[in-house]
Amino acid sequence: MKRIKIDKNKCMACYNCILACMMEHNEKGKDIYSLDLEDKSNECRNHIEVNHSKENIPIFCRHCDEPECVNTCMSGAMKKNPHTGYVEYDEEKCASCFMCVMSCKYGVLKIDEETKSKIVKCDMCENRETPRCVENCPTRAIYFEEV
Amino acid sequence: MNYVIIGASASGMSFAKELRNLDKNCNITLISRDENVYSRCMLHHIISGHRTLKDINFVEDDFFNKYNITWLKGQTVNDLDVNKKILYTDKRSVKYDKLLIGSGAHAFIPPIKNLRESKSIYALRNIEDALSIKDALETKEKIAILGAGLVGVDVLVSLLEKNKKVSIIDMADRVLPLQLDKRSAKVYERKFIEKGASIYTSAKVEEVILDETNDPKAIKLQGGQIIECDMVIVATGVKPNIGFIREGSMEINRGIVTNDKCETSVENIYAIGDVRGVSPIWPLAMKEGKIAARNMVGGDERITDSFALRNSMNFLGVPTVSIGQVNPPDETYEVLTEEGSEYYKKIVYKDGVIYGVILQGEIDYCGAYIELIRNKIDVSHIKYDPFNIGYGDFFEISENGEYKFKAVV
Ligand SMILES: Cc1cc2nc3c(=O)[nH]c(=O)nc-3n(C[C@H](O)[C@H](O)[C@H](O)COP(=O)(O)OP(=O)(O)OC[C@H]3O[C@@H](n4cnc5c(N)ncnc54)[C@H](O)[C@@H]3O)c2cc1C
Ligand code: SF4
Ligand code: SF4
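Chains as they are written, first to last, in the UniProt record's numbering: chain L, 1 to 147; chain V, 1 to 409.
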């Protein structure tokens, strides 16, 4: 499978990846003109943490080999796709128990702002060859590679 | 090789899938009293009517076909002969080379006067329980729930939605005593009361008062208080399902005793999940399923995680996460809290190590705490706000691009 690799030292916290993710998942259109930064229904699936040493740390779902979010999910909503290796989320199945939010020890997951009942999670841009965040990163702090 | 599995829930299903992935040719037979596969953690959604049995299936619809597993459903294992390697269900006998016991647990009905004798007493563990509670609600109006742990409160919330008059009773001084402190419990208690619940904490049930036909009329507490009811739901914990094990044939201590490879005291028999009687939570049953499968085909993998003090909940729109020791055992622990109108956060801390966390109202990105608490990772090098510790403070990348926790020196 392919993974979004991370070189934290190159991350400038420019937020191009954040905007890319929001644009890609915006139901009103995928271009910058359709993007409303205050639209709660269109949240970014990844985030940049600033740690205690003031470093920028891109927190992107790893689509782990042994994903704890899947292990912990009591409804079957979180699943690892055996063909692609990606960890997929099915909001129809989800029971909003938030066990996965607590269990992803990398702190990747959050509850959606709008309904407070869904999980905001990276889907590796289902219909794209390369995730849009990767395409948009100007410094190659995130890059896409076979692992 | 003939593998036999007892149980079609978290542990049995997780084991079966992993085993088939590891060994394409073995014979796998799964026996379960359950006639359907469903998530027990979601049974209260059946009571409330939000979900159907089909909606709470947690595996693929064609699971048994897809993984080529023979499923003897609706059969109860009554006897196990570990010497002859045969087990007996109520319908037939089944031989095995290797056996996985994932028979889980059943609801424990405490020895309270008249409780076991009474009609209209329910517990919630199986789909049949959920359906019969749902049926009973057609005629019952005043329901008493014994036990305000997670299952009791799950039931409470589903009954409040049905506009029933519900009383919940617990010996502890608050609801969800294992997961919450007084402050965070209060938030839920207020909401439950607003929705019409009556909450009796620090209350000990003395007896169930029955009418002439043995239907419950009321609950009598120690001290004499009377709580009227026409139905009782018991949520006072679980006991492992080990009735089919012959006395002396296997080491038992509350549940089936295993080592950290999931092996029981009998060769070629493994046990996982709630039947072990140690940490009865879903994620551990799932994880042990994988570990047991790998070991059964010759691997050597250990249970490294038996940390069961972790729960998330989401009642009436308020999410809460509770990890570790959330109520400090003595004064040597420091307690840090932070609160606003919509949130409450608490950290129990000692000598650079976080022992427990409650996060209520705001839980986004909180996962790092689980690792820090489980592994007692020293966080004293992080001099700033302990409420803002995140994975970024321990960031390190593995060869294959996964994250790992940087060792703190
Ligand atoms: C209402 C409710 C809410 C819950 N919420 C949570 C939660 O939020 N978080 C959490 O971590 N956990 C929760 N749990 C606990 C969780 O459901 C269990 O930890 C989990 O189901 C354990 O799985 P298991 O496979 O070990 O056993 P079980 O789920 O008990 O399954 C046992 C299986 O064995 C079968 N079986 C038993 N005896 C026999 C026999 N003699 N012969 C044949 N078959 C047999 C049964 O039919 C069943 O298929 C909840 C439980 C309930 C009831
Ligand atoms: S959400 Fe967390 S645990 Fe799940 S796959 Fe992504 S990084 Fe792994
Ligand atoms: S919130 Fe949904 S996806 Fe997450 S563990 Fe619960 S049921 Fe699974």
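Hints listed in this document are in silico derivations from the structure and should not be mistaken for laboratory results.
Every value quoted in this text rests on a predicted model; they were computed, and no experiment measured them.
Beta carbons are placed, not taken as given, at the ideal position from N, Cα and C, and that holds for glycine.
Some clues are possibly wrong.
Claimed, not checked - Restricting the straight-line Cα-Cα distance to at most 27 Å, the calculated cross-link-like pairs of lysine-lysine (DSSO-like) are:
(1) V:Lys376 to L:Lys118
(2) L:Lys116 to V:Lys182
(3) L:Lys80 to V:Lys54
(4) V:Lys182 to L:Lys2
(5) V:Lys66 to V:Lys17
(6) V:Lys165 to V:Lys182
(7) V:Lys191 to L:Lys80
(8) L:Lys118 to V:Lys191
(9) V:Lys406 to L:Lys80
(10) V:Lys191 to V:Lys239
(11) V:Lys66 to L:Lys79
(12) V:Lys66 to L:Lys93
(13) L:Lys116 to V:Lys261
(14) L:Lys8 to V:Lys376
(15) L:Lys93 to V:Lys162
(16) L:Lys30 to L:Lys118
(17) L:Lys80 to V:Lys134
(18) L:Lys79 to V:Lys261
(19) V:Lys162 to V:Lys73
(20) V:Lys24 to L:Lys54
(21) L:Lys80 to V:Lys261
(22) L:Lys79 to V:Lys54
What the hints assert, rightly or not - A few chain V residues that don't get close to chain L, going by computed Cβ distances all over 12 Å:
(23) Asn57
(24) Lys165
(25) Ile226
(26) Glu334
(27) Ile370
(28) Asn375
Subject >> Hint numbers not upheld by this structure, sorted from lowest to highest >> reply: Failing hints, ascending: 1, 4, 7, 10, 13, 17, 19, 20, 23, 27, 28.
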